[in-house]
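K.L.:
Residue strings, one per chain:
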Amino acid sequence: MSMLEVIIISLVKILVIATLMLLTVSYLVYFERKIAAWAQNRIGPNRVGPAGIFQPFADVLKLLLKEDIVPEAANKPLHTLAPIIALFVAFSTFAVLPIGPSFSLFGKQIPFVVADVNIGILYVLALTSLGVYAITFSGWSSGSKYSLLGGIRSSAQMISYEISMGFSVAGVILLAQSLRPVAIVEAQSGWMWNIILQPIGFITFLVSAFAETNRLPFDLPEAEPELVGGYHTEYSSMKFAAFFLSEYANMIISSALIVTLYLGGWQIPYLETLHLSAGLTVALQIVAFIAKLVFMLFFFIWVRWSIPRFRYDQLMNIGWKVMFPLSLLNLLWVALLGMIF
Amino acid sequence: MAKKNRVKDLSFSQRIYIVEIVKGLALTFKNMLKPKFTMEYPEVKFDPPASYRGRPVLAMEDNGQERCVACGLCSRVCPALAIEVRAAETENEKERYPEKFEINMLRCIFCGFCEEVCPEEAILMSKDYELAFTNRQDGLYGKDKLLTPVSRLQDRINFIRQFK
Numbered sequence: 007m008s009m010l011e012v013i014i015i016s017l018v019k020i021l022v023i024a025t026l027m028l029l030t031v032s033y034l035v036y037f038e039r040k041i042a043a044w045a046q047n048r049i050g051p052n053r054v055g056p057a058g059i060f061q062p063f064a065d066v067l068k069l070l071l072k073e074d075i076v077p078e079a080a081n082k083p084l085h086t087l088a089p090i091i092a093l094f095v096a097f098s099t100f101a102v103l104p105i106g107p108s109f110s111l112f113g114k115q116i117p118f119v120v121a122d123v124n125i126g127i128l129y130v131l132a133l134t135s136l137g138v139y140a141i142t143f144s145g146w147s148s149g150s151k152y153s154l155l156g157g158i159r160s161s162a163q164m165i166s167y168e169i170s171m172g173f174s175v176a177g178v179i180l181l182a183q184s185l186r187p188v189a190i191v192e193a194q195s196g197w198m199w200n201i202i203l204q205p206i207g208f209i210t211f212l213v214s215a216f217a218e219t220n221r222l223p224f225d226l227p228e229a230e231p232e233l234v235g236g237y238h239t240e241y242s243s244m245k246f247a248a249f250f251l252s253e254y255a256n257m258i259i260s261s262a263l264i265v266t267l268y269l270g271g272w273q274i275p276y277l278e279t280l281h282l283s284a285g286l287t288v289a290l291q292i293v294a295f296i297a298k299l300v301f302m303l304f305f306f307i308w309v310r311w312s313i314p315r316f317r318y319d320q321l322m323n324i325g326w327k328v329m330f331p332l333s334l335l336n337l338l339w340v341a342l343l344g345m346i347f
Numbered sequence: 023m024a025k026k027n028r029v030k031d032l033s034f035s036q037r038i039y040i041v042e043i044v045k046g047l048a049l050t051f052k053n054m055l056k057p058k059f060t061m062e063y064p065e066v067k068f069d070p071p072a073s074y075r076g077r078p079v080l081a082m083e084d085n086g087q088e089r090c091v092a093c094g095l096c097s098r099v100c101p102a103l104a105i106e107v108r109a110a111e112t113e114n115e116k117e118r119y120p121e122k123f124e125i126n127m128l129r130c131i132f133c134g135f136c137e138e139v140c141p142e143e144a145i146l147m148s149k150d151y152e153l154a155f156t157n158r159q160d161g162l163y164g165k166d167k168l169l170t171p172v173s174r175l176q177d178r179i180n181f182i183r184q185f186k
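Here the protein sequences come in this chain order: U and A. Following this note's numbering, the numbering of the first sequence begins with 7 at its first residue and continues without gaps. Following this note's numbering, the numbering of the second sequence begins with 23 at its first residue and continues without gaps.
These aren't lab readings, by the way, just hints derived from the structure by calculation. Treat the hints with care, as some may be off.
Unchecked claim - Below, a sample of chain A positions facing chain U; criterion: calculated Cβ distance under 8 Å: (1) Leu47; (2) Thr50; (3) Asn53.
Computed from a predicted structure; not experimentally measured. Heads up, the beta-carbon is just placed ideally off N, CA and C, and yes, glycines get one too.
If we strip away everything but chain U, and leave its shape as in the complex, we get (with noise of 0.2 Å):
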């Protein structure tokens, strides 16, 4: 291929790849409601078109129409910066992430992910660590005890959980023996989804990933009733969108890295005993991967309305004196079973 054809055809899937996150997060937002809702036995947004489906953008605009307002005390390159970082990572880490298998278009073989990189795995890794910055960043900057306070704790806790996240995601690496989201995903054929070969691991992992994008029972740096807002207190208009948004955006990918690593991406079991045509096939892969990742927003959100906030010390103790030692005996028994088989 040719230098022009990837640029064209990797400036498409961006195109895609973004309009698609931006759609799926204030639809997301919806659904959080609606959900919400439902759960506690109401009917949740129903005005704003037929049953509320344009609730979203009624939001957004009202958002944009709002006033910007920078408090006085604030740092304000930082506190400007801040949000920006927040949805530069939230945008920038799907990119890796594989959606689909690779599948021929006018006689060229075109992945179905942006960009396909041998370590992609560490850069997800990298990016959702630059995150943290987004957040301290904005605590720090906004010149307010409340959003000091949240920007702390999400700095403690999101550097705990990062190494629970990563051994378990060494567990993963050593199974697939390859940093590529889709040699993992490959590696993941038939039943061989590392949601089965490694429970212990899917457990530690989606914990973790609870508590790197700052959801319910790990939302401490939001904690409403002690913190008014938490990091973005104090944030107003399309600001505050922006971590808003941002904070779905990281549920959309944390749910992605979820079904890529454990729950195994796009494949479907036995759909080669069909004998499907190719088209089909791919056709039939992409929406089971995109219907693994809706079933994962939804246990996200089903969660945020289960279960309660933990306290600071329980949440310190479970990152450290459980969740760590549990991935690391998952390491092991993934190198057993590396040895075994």
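On the provided structure of chain U, position chain A as indicated by the hints.
P.N.:
Then chain A, alone, in the frame of chain U:
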């Protein structure tokens, strides 16, 4: 400071959380499928029971005659000082009627004391709960707004006869 020794009688399965979390998730999921309680207000309106204390109104007989005899008890008992009554005499001997009867809905606290104290069943708490107004003058409800035919208040009259 003495160290508190709290006894926790949690079983092993409770201490590893997972079973309990699954139970909690099952509970919330069951609730998602249950019928919803929400009443979609502007389209569906709440029909209050007879015991509901809505806007106080003055009862008017079917022939257009008001029941109120302007004794002023309601005005006297009103804890929020919301009622103003000015009496005048009718053509009949010894009978009075309210020349002016005004309830300040900005002050009314819907306690129902006026209804309780009324010897004539003239002032009654209706089921009306849509009481928005856009300026303070509109909050003064005069006789034009207060007089309501008895037929529409029968529910409440039965209720207070039974329970007062």
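K.L.:
List in ascending order the numbers of the hints, as given earlier, that are violated by the structure.
P.N.:
none
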